[in-house]
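Chain A is already provided as a structure; the job is to place chain B on it using the hints.
Chains as they are written, first to last, in my numbering: chain A, 579 to 800; chain B, 579 to 800.
Incorrect hints may have been included.
Repeated chains share a single entry, so a pair holds when one copy, or any two copies, can fit it.
Claimed, not checked - Using 25 angstroms as the maximum straight-line C-alpha spacing, the simulated DMTMM-like pairs for lysine to aspartate or glutamate come out as follows:
hint	residue 1	residue 2
1	K705	D666
2	K798	D621
3	K654	D621
4	K692	E653
5	K699	D751
6	K798	E708
7	K800	D609
8	K591	E725
9	K798	D666
It should be emphasised that the hints constitute simulated quantities derived from the structure, not laboratory data. Predicted model, so just to flag it, every value in this text is computed and none were measured.
So you can see what is in the structure, the chains are spelled out below.
2 protein chains.
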Amino acid sequence: MTDLTPTVRSRIKRLRERGAYDFDTIASILDAGLLCHVGYIIDGHPYVTPTAYWRESGRVYWHGSSASRMLRTLEKGVDVCFTVSHLDGLVLARSGFNHSINYRSVMLFGRAHKIEGDGAKAQALEKFLERMFPTRWQQLRPATTQEIKATTVLGMAIEEGSAKVRTGWPHDDEDDHSWPVWAGVVPVHTVMQSPLPDERLAGAIGPPAYLADLSHLGLKAK
Amino acid sequence: MTDLTPTVRSRIKRLRERGAYDFDTIASILDAGLLCHVGYIIDGHPYVTPTAYWRESGRVYWHGSSASRMLRTLEKGVDVCFTVSHLDGLVLARSGFNHSINYRSVMLFGRAHKIEGDGAKAQALEKFLERMFPTRWQQLRPATTQEIKATTVLGMAIEEGSAKVRTGWPHDDEDDHSWPVWAGVVPVHTVMQSPLPDERLAGAIGPPAYLADLSHLGLKAK
Numbered sequence: 579m580t581d582l583t584p585t586v587r588s589r590i591k592r593l594r595e596r597g598a599y600d601f602d603t604i605a606s607i608l609d610a611g612l613l614c615h616v617g618y619i620i621d622g623h624p625y626v627t628p629t630a631y632w633r634e635s636g637r638v639y640w641h642g643s644s645a646s647r648m649l650r651t652l653e654k655g656v657d658v659c660f661t662v663s664h665l666d667g668l669v670l671a672r673s674g675f676n677h678s679i680n681y682r683s684v685m686l687f688g689r690a691h692k693i694e695g696d697g698a699k700a701q702a703l704e705k706f707l708e709r710m711f712p713t714r715w716q717q718l719r720p721a722t723t724q725e726i727k728a729t730t731v732l733g734m735a736i737e738e739g740s741a742k743v744r745t746g747w748p749h750d751d752e753d754d755h756s757w758p759v760w761a762g763v764v765p766v767h768t769v770m771q772s773p774l775p776d777e778r779l780a781g782a783i784g785p786p787a788y789l790a791d792l793s794h795l796g797l798k799a800k
Numbered sequence: 579m580t581d582l583t584p585t586v587r588s589r590i591k592r593l594r595e596r597g598a599y600d601f602d603t604i605a606s607i608l609d610a611g612l613l614c615h616v617g618y619i620i621d622g623h624p625y626v627t628p629t630a631y632w633r634e635s636g637r638v639y640w641h642g643s644s645a646s647r648m649l650r651t652l653e654k655g656v657d658v659c660f661t662v663s664h665l666d667g668l669v670l671a672r673s674g675f676n677h678s679i680n681y682r683s684v685m686l687f688g689r690a691h692k693i694e695g696d697g698a699k700a701q702a703l704e705k706f707l708e709r710m711f712p713t714r715w716q717q718l719r720p721a722t723t724q725e726i727k728a729t730t731v732l733g734m735a736i737e738e739g740s741a742k743v744r745t746g747w748p749h750d751d752e753d754d755h756s757w758p759v760w761a762g763v764v765p766v767h768t769v770m771q772s773p774l775p776d777e778r779l780a781g782a783i784g785p786p787a788y789l790a791d792l793s794h795l796g797l798k799a800k
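Bound-form chain A, shown alone (with noise of 0.2 angstroms):
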């Protein structure tokens, strides 16, 4: 895939050592989180909603009912600013203002399209689970035309946009070294617990083998 060029949007301006603009690095951590934060404008106001992502080649998508405020705006190509961040740890140096967080985050600009098509919607869908589940797509009560209907996907190049990663130690001043407070790095993550059975399953169902790694959504075991 092809490495963004900076633009007047995606440039980083602070601390531009932590920026990047490649896309193995953006694709790295966008397939490494769940969760992204879509911003958008409604009336003149900014709006800043969760929702759940995937990424397949060069394109981030996202879904929902086609009743969503969000989706009903992004769908007519509005302007997008969509941002994954993933905390890896608090960073505790010996002056507050060299406090800092470990993190990798990625900022994408763009305009959404909306998937058009029962089948090509459906589709997307499938990959969607697919990335989380492997083999679960098959294994479920098929999908309803009237669900399918009800959904929206929309997806949006990766065209602009920039990553920002901050690893390691704090960045003390020279002469804070000697300075007797503990410091170093807390490191954060977020971990997978035991699949927990719903209680109308049927008793002979064991959680399936795709449980015991969610590792490619950026989960640790416990």
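Below, chain B without anything else, positioned relative to chain A:
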């Protein structure tokens, strides 16, 4: 504190049983997190910036370099959408369309105001750090006037907004319960791992007691 009154912007329209406007629910979700996503408009385009935040009484606060484009925009008092979301679980149902996510989110609307004066700024930042790491502020190398001047602190009143929460089990169609596929919930948590000391830390300084439990930041122990 005062419960919020739903407005055109903040009223939950879809799945309204998930919505809440009472101050305690909103505060408890805000107080269980570290990173918010701030939405704002520059030259007619939406931006969504992840940043650390804290709450004190009826306001949320965030901060950063005085050179930050986000902060320089927001200190003018433009419209802001301030969103916090916590991922609590993956909900696997018998049909793809009944899959869901357990989450807690808050969306606030308003205009930010800049904290003026070095003393007031230092006090606000002390509260931010003390919320995270009680007693630490006094242990740190004291803030310099230059550090305080180079930092902008913004606050916003919790006056317009809503919470949205999903908990619990899949909501399958009644006829789907006998479908032979696993259904249930995969709980998701954010956890802290053991603190890692900076390599230039004097050997005698062990990790402080306040790092043993960061559950007030929404972080479970490993």
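(message) So, against the hints stated earlier in the document, which numbers end up violated here?
(response) The structure breaks only hint 2.
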